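Numbering (the numbering used here), first residue to last: 3 to 413.
FYI, nobody ran anything at the bench for these hints, they're computed from the structure.
Errors might be hidden in some of the hints.
[To be verified] 30 Å max Cα-Cα, derived DSSO-like pairs, lysine-lysine:
#, residue 1, residue 2
1, K360, K405
2, K355, K108
3, K412, K360
4, K167, K235
5, K355, K236
6, K235, K299
7, K27, K236
8, K40, K27
9, K405, K299
[Stated by the list, open to error] So the derived label-pair ranges between C-beta atoms look like this:
#, residue 1, residue 2, range
10, H264, L395, 37 to 47 Å
11, K236, D275, 20 to 30 Å
12, D30, S260, 39 to 49 Å
Predicted model only: the values in this text are computed from it and were never measured.
A virtual CB, placed ideally from N, CA and C, is assigned to each residue, including glycine.
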Amino acid sequence: MTVKQRSTQEQIQNVLTRGVEQIVKEDDLRRLLLEGNKGEPLRVKLGVDPSHYDLTIGHAVVFRKLRQFQQLGHKAVVVIGDWTARLGDPSGREEARKPLTAEQVKANAATYFEQFFRVVDRDLTEVRWQSEWFDRFDLGDAIKLLSHKTVAQMLERDDFSNRYKSGVEISLSELMYPLLQGYDSVMLRSDVELGGTDQTFNVLVGRDLQPLFGQPPQQILTMQLIVGLDGHKKMGKSLSNYIAMTAPARDMFGKLMSLPDHAMMSYFETLTDVPLAELDEFRREMTEGSLNPRDVKLRMAREIVGGFHDGAAAREAEEAFMRQFSERKLPADIPDYQLSAPADIITLIVDAKLASSKSEARRNVQQGGVSFFPGGETGEAERVNDVNFIVPLLDGAILKVGKLHYIRLKK
Numbered sequence: 003m004t005v006k007q008r009s010t011q012e013q014i015q016n017v018l019t020r021g022v023e024q025i026v027k028e029d030d031l032r033r034l035l036l037e038g039n040k041g042e043p044l045r046v047k048l049g050v051d052p053s054h055y056d057l058t059i060g061h062a063v064v065f066r067k068l069r070q071f072q073q074l075g076h077k078a079v080v081v082i083g084d085w086t087a088r089l090g091d092p093s094g095r096e097e098a099r100k101p102l103t104a105e106q107v108k109a110n111a112a113t114y115f116e117q118f119f120r121v122v123d124r125d126l127t128e129v130r131w132q133s134e135w136f137d138r139f140d141l142g143d144a145i146k147l148l149s150h151k152t153v154a155q156m157l158e159r160d161d162f163s164n165r166y167k168s169g170v171e172i173s174l175s176e177l178m179y180p181l182l183q184g185y186d187s188v189m190l191r192s193d194v195e196l197g198g199t200d201q202t203f204n205v206l207v208g209r210d211l212q213p214l215f216g217q218p219p220q221q222i223l224t225m226q227l228i229v230g231l232d233g234h235k236k237m238g239k240s241l242s243n244y245i246a247m248t249a250p251a252r253d254m255f256g257k258l259m260s261l262p263d264h265a266m267m268s269y270f271e272t273l274t275d276v277p278l279a280e281l282d283e284f285r286r287e288m289t290e291g292s293l294n295p296r297d298v299k300l301r302m303a304r305e306i307v308g309g310f311h312d313g314a315a316a317r318e319a320e321e322a323f324m325r326q327f328s329e330r331k332l333p334a335d336i337p338d339y340q341l342s343a344p345a346d347i348i349t350l351i352v353d354a355k356l357a358s359s360k361s362e363a364r365r366n367v368q369q370g371g372v373s374f375f376p377g378g379e380t381g382e383a384e385r386v387n388d389v390n391f392i393v394p395l396l397d398g399a400i401l402k403v404g405k406l407h408y409i410r411l412k413k
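Sequences and hints are given; from them, build the entire structure.
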């Protein structure tokens, strides 16, 4: 495959600036994109940690950047960390991650790609597995690889440094992880590697290793990590502040509308294609007071939902949101939940999948996020503040958890 036409300055500027946190050698990468790579597409690497998956829209920030490179005619090279999953990636973590079996890795990877290819062009993607080269590694190869870095250099990484200072153990296998990830870049002959800011150290190791194996050093581009729905901490499933990539359109729209105003422009920049000049105009008008932030947020939610679903689904989700929140009406499609006997509120919330755990359910109650409508749609809401509240067996009663989740009780 060859690059058939040169990219414009405007296209390149968009790739290099939109949502980007850092480029190690921006002039070099800009020159590669503008002048070409001897007529060949750049090999743009993304490493995949198969330790879980479901994916959040936070993951899609890097996926969208990878797609932008594809749109310029370049090749996405995705490497599944099936071998390093046996060690665990400690990036940004306070403790080691438990190793996985080969079966768990394959299952997670399959789920990952079902979501990944919603954003990235499958036909322009090369998928590789670390085991292709590491299964052939012997002890001599491992020791040679270790000789390229010192312990002091490894401890420069923030999470290692913090754990070392705190007296938390660091295994030798964990120290080897960045070298193994860096060696992936050698085996793939990567020209560019993408990642979040939490992967900066690891991708730089790959850049350091490549010249030792007779290759030009890869270019490094890291992306902003968007905050979660709390508006402060990085989006993550463990914090319950995330939006799943597979969330239904209405659920996604409602959660986006709950985002604090100060965080919405980063979502706009990293998860939509609305021109940056238009975003700057939004900022100016909101600062002047001539534009209501809610209207901007509605546009943001419509654009993002349309990207993960389609325009029709986004419009329908917006109409449902406006009906529910602007007209103060309950949703029209509240699901039924069969209840055979009175139940304590915490157990019911978890059993009905309105919260992922009892601790989350208890937090919702204590923070005033749970309401009970004993008379159903025609009755008034009663705030549930007692974690020991027993939900009575009332046919047609409605339970609301948070701003978005409802069930209608049925005997």
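A quick look at each hint next to the structure:
| no. | hint | result |
| --- | --- | --- |
| 1 | K360 / K405 | holds, 18 Å |
| 2 | K355 / K108 | holds, 27 Å |
| 3 | K412 / K360 | holds, 23 Å |
| 4 | K167 / K235 | holds, 23 Å |
| 5 | K355 / K236 | holds, 24 Å |
| 6 | K235 / K299 | holds, 20 Å |
| 7 | K27 / K236 | holds, 26 Å |
| 8 | K40 / K27 | holds, 19 Å |
| 9 | K405 / K299 | holds, 16 Å |
| 10 | H264 / L395: 37 to 47 Å | holds, 44 Å |
| 11 | K236 / D275: 20 to 30 Å | holds, 23 Å |
| 12 | D30 / S260: 39 to 49 Å | holds, 41 Å |
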